[in-house]
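Chains as they are written, first to last, in the working numbering: chain H, 154 to 335; chain V, 154 to 335.
No wet-lab data here; the hints were simulated from the structure. Keep in mind that the hints are not guaranteed to be accurate.
Given that identical chains are not distinguished, each listed pair holds provided it fits within a single copy or across any two copies.
[Stated by the list, open to error] DSS-like, lysine-lysine: derived pairs with alpha carbons at most 30 angstroms apart:
no. : residue 1 : residue 2
1   : Lys267    : Lys241
2   : Lys244    : Lys267
3   : Lys158    : Lys267
4   : Lys164    : Lys270
5   : Lys190    : Lys221
6   : Lys270    : Lys198
7   : Lys234    : Lys267
8   : Lys241    : Lys227
9   : Lys190    : Lys237
10  : Lys201    : Lys227
11  : Lys270    : Lys234
12  : Lys234    : Lys201
13  : Lys190    : Lys201
All values derive from a computational prediction rather than experimental measurement.
Number of protein chains: 2
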Amino acid sequence: MKTNKEEVLQKALAVIWEQGYHDTSFQDLSDACGINKSHFFHYFKGGKEDLMTEILQLTHEVYIGMLKRLAETKELNTDEKLQKIKEKLIKMYTAKGPGNGCLMANTSLETTGKNYKFTPIVQAFFRDFIHYMAVIYQERHPVEHAQSLAEEVVQEIEGAIMLMRVFHDTSYLERALTRANR
Amino acid sequence: MKTNKEEVLQKALAVIWEQGYHDTSFQDLSDACGINKSHFFHYFKGGKEDLMTEILQLTHEVYIGMLKRLAETKELNTDEKLQKIKEKLIKMYTAKGPGNGCLMANTSLETTGKNYKFTPIVQAFFRDFIHYMAVIYQERHPVEHAQSLAEEVVQEIEGAIMLMRVFHDTSYLERALTRANR
DNA sequence: GTCTATAGGCGGATAGAC
DNA sequence: GTCTATCCGCCTATAGAC
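Throw the hints in and build the complete structure from the sequences for me.
Okay, structure coming up:
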């Protein structure tokens, strides 16, 4: 079957987001992508960890890119920016139903303790997430307060995503994002 | 070697808390517990999932038991109760360093998508966590507000534990628990 | 670039002696 | 209750034909 790497990456992301890193085998992935198992080693020389690294980098680009563009635009006021973020994040985190949670958090928690090389990517994600939220809060609050506000809000969002997953109820995330307008 | 089930359970809990469910093999566990691999199937007829179930139940008892006792005591005022919870949770969640996070959250996120039987236990944990926090907040706030306050606070605590893990920095949890005095 | 075949290892689990 | 031995299957990864 004719495929390209981008497409494979997208489909693999969806499967791993749903099933988790450890619970997804190359068999699952090749079924989902319609390519042969061994073909993954052609695309991703370093095997599963390489594949996952690229998936996480892609996720970083999509989420943080969205945030950065919103934080830096002059076309919207603060209220509108926070509203837009709310809409986007709800859409992105519930696209596949309430059950998948945050891929970054999942991966981080799933790879506790042993030597995986995902930590820097996960750290960069949350650092940037907090950073761009702080940039927006600086439109209304002094710098130091904006920073701690951003940390609180990101924590609440991540906690809400986890409870959303556990109870299969999207309202946790909606309420947390409503409270994020401060 | 002479052992008993309780002891094995405690040690297995520590290893799985540190390494994660999927990344811990019976080999790891038998090394840590000083008993033979196959002995686990004597203690836990249903294999790894049974072992994990008992570990999660034990965790529920320890954490929720602590909360329940504090919520129901007449000996402390609200401030003192919240202070005590802060101290206890910091101690419990950072006992093995900042890197392990919340076993319930970890397990939940690690077992996305496939058919594990841990979901009800994890749900009970968070339901009870929120419940007893709400009981305490009712000393100061109307019932409905106490409930949503408890949900917010638990979300923030869980988000803080995750960031604590990611950045190896216990101050996230400390600040979240300081803000829990409302 | 895509496939077949297969290696090599480890993980969970069982049988059964003592 | 504890240990030895062992099975089976799956999983990651590689070699190599086309």
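Going through the hints against the structure:
For a Cα distance limit of 30 angstroms, the shortest separation of lysine 267 from lysine 241 across copies, 27 angstroms, qualifies, whereas the shortest one inside one copy, 34 angstroms, does not. In the homo-oligomer, the alpha carbons of lysine 244 and lysine 267 lie at most 30 angstroms apart only across protomers (23 angstroms), although the nearest pairing inside one protomer, at 33 angstroms, exceeds that limit. With identical chains, the CA atoms of lysine 158 and lysine 267 are at most 30 angstroms apart both within one copy (28 angstroms) and between copies (26 angstroms). Taking the shortest alpha-carbon separations for lysine 164 and lysine 270, both the intra-copy value of 22 angstroms and the inter-copy value of 27 angstroms come in at or below 30 angstroms.
For the identical chains of this complex, lysine 190 and lysine 221 are neighbours neither inside a copy (37 angstroms) nor across copies (51 angstroms), given an alpha-carbon limit of 30 angstroms. Only within a single protomer do lysine 270 and lysine 198 lie at most 30 angstroms apart by alpha-carbon distance; the minimum there is 15 angstroms, versus 36 angstroms between protomers. Taking the closest pair of Cα atoms, lysine 234 and lysine 267 never come within 30 angstroms of each other, the shortest separation being 39 angstroms inside a single copy and 37 angstroms across copies. In the homo-oligomer, the alpha carbons of lysine 241 and lysine 227 lie at most 30 angstroms apart inside one protomer (18 angstroms), although the nearest pairing across protomers, at 46 angstroms, exceeds that limit.
Taking the shortest alpha-carbon separations for lysine 190 and lysine 237, neither the intra-copy value of 40 angstroms nor the inter-copy value of 54 angstroms comes in at or below 30 angstroms. For the identical chains of this complex, lysine 201 and lysine 227 are neighbours neither inside a copy (41 angstroms) nor across copies (55 angstroms), given an alpha-carbon limit of 30 angstroms. Taking identical chains as interchangeable, the C-alpha atoms of lysine 270 and lysine 234 are never at most 30 angstroms apart, the minima being 34 angstroms within one chain and 41 angstroms between chains. For the homomeric pair lysine 234 and lysine 201, neither the shortest alpha-carbon distance inside one copy (37 angstroms) nor that between copies (47 angstroms) is at most 30 angstroms.
Both within a single protomer and between protomers do lysine 190 and lysine 201 lie at most 30 angstroms apart by alpha-carbon distance, with minima of 11 angstroms and 28 angstroms respectively.
Checked against the numbered hints above, the structure violates hints 5, 7, 9, 10, 11 and 12; every other hint is satisfied.
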